[in-house]
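Asker: Between the sequences and the hints, there should be enough to build the whole structure, so can you do that?
Here our numbering runs 322 ahead of the position in the sequence shown, where the first position is 1.
Just so you know, these hints were derived from the structure itself, not from any lab.
This structure is a prediction, so every number in the text was calculated from the model and none was measured.
Warning: the hint list may mix true and false statements.
Claimed, not checked - Heads up, simulated BS3-like pairs for lysine-lysine below, C-alpha to C-alpha not over 27 Å straight-line:
#1 359 - 374
#2 374 - 403
#3 393 - 359
#4 393 - 355
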Amino acid sequence: MAMKKKILLIAVLIVVAFHLSWYTISRMQMNTKIPDKTAAEQSFNDFLRNEKIIIDRSALTETYLDANGFKLHLDVFSAGKNAPTVVFIPGTS
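Answerer: The structure is reproduced here in C-alpha cells:
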C-alpha cells in the first residue's frame, strides 16, 4: 500500500513540475517583443525559400476581416486561375 502511495505521489509531482515549467515558459514568451518589420520580412523570405515557394511579391494584397470582434489580417498572393489555395491563420487549429 505504501508503494502505491509513493508511485502516485511521484506521478502527481511530475505533473505539477510539468505544469509549472509550461506556465513559466508561456509567460516568458508572452513578454517577448513583437519582431520589427525587417525581421518579419526576413522570416517570411526564409519560409518561402525553405518551402521552395516561388511567388510574385508584387501580387500581394493585404486585407482585414472582422471575425466576432477580432481583426484577422490576411495576406493574399494571386497566383492565377486553378492555382492551389493555401490559407494560414495564426492562432487557430
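Asker: Each hint: holds or not?
Answerer: Hints, one by one, checked against the model:
Between residue 359 and residue 374, the direct Cα distance comes to roughly 22 Å. Compliance with the 27 Å bound is thereby established for this hinted pair. For the hint pairing residue 374 with residue 403, the CA-to-CA distance comes to about 20 Å; that is within 27 Å, so the pair holds. The straight-line distance between the Cα atoms of residue 393 and residue 359 is roughly 19 Å, inside the 27 Å bound, and the hint therefore holds. A C-alpha spacing of about 20 Å is found between residue 393 and residue 355, which places the hinted pair at or below 27 Å, so the restraint holds.
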